[in-house]
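S.K.: Sequence:
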Amino acid sequence: MEPKYNFDSEHIDWTHIQDPEAWYPCDYKMAILHADPELGRLDLIVKWPPNSYCHFHRHVADTTVLVLEGEQHLTDILPDGSEGPKKVRTAGTYASSPPGNAHMEHGGPEGATVFFALHAADGKLFEMLDKDMNILATSTVEEMAQNVT
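In terms of numbering that gives the first Met the number 0, the sequence shown opens at residue 0 and continues consecutively.
It should be emphasised that the hints constitute simulated quantities derived from the structure, not laboratory data.
Certain hints may be false.
[Unchecked claim] Mimicking DSS-like on lysine-lysine, the simulated pairs with C-alpha atoms at most 30 Å apart in a straight line are: (1) LYS123 - LYS28; (2) LYS130 - LYS85; (3) LYS130 - LYS28; (4) LYS28 - LYS85; (5) LYS86 - LYS123; (6) LYS123 - LYS85; (7) LYS86 - LYS28.
Kindly generate the complete structure, drawing on both the sequences and the hints.
M.R.: Printed below as a string of structure tokens:
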């Protein structure tokens, strides 16, 4: 079987995302590698510049990650809006988790590149949140499938 994808972060067709209205430095790149809306599966890579964040969100899908480069920093946000536990995942770290708490996620001092595999039978992957924990948008496999690299 031919490999569908060879990882080389310099030769990925990245989608650059920034949000100047966010209350944190929201700046990251994303590449969708595979999407299967019928099965509710999505594989993507996210790349953060040093100390930059992706949107404040909550995963509503089962999520598996593999840190490819740098450090992935996570801070759980509790239902009352206060900060909960913090984690740092270094290159080579593998983690798998069920849908969970809202969190802030960012690259470390050297940035980060992380592979994500998500699965949700209903196709819902993430809920983007405002600082009061209100849902601004829900990302789905079907929607994100339109951006497969």
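S.K.: Determine for every hint whether it applies to the structure shown.
M.R.: Hints, verified against the model:
1. LYS123 - LYS28: Given pair LYS123, LYS28 holds - Cα atoms ~21 Å apart, limit 30 Å.
2. LYS130 - LYS85: It holds: about 18 Å lies between the C-alpha atoms, which stays within 30 Å.
3. LYS130 - LYS28: holds (22 Å)
4. LYS28 - LYS85: holds (23 Å)
5. LYS86 - LYS123: holds (25 Å)
6. LYS123 - LYS85: holds (25 Å)
7. LYS86 - LYS28: holds (21 Å)
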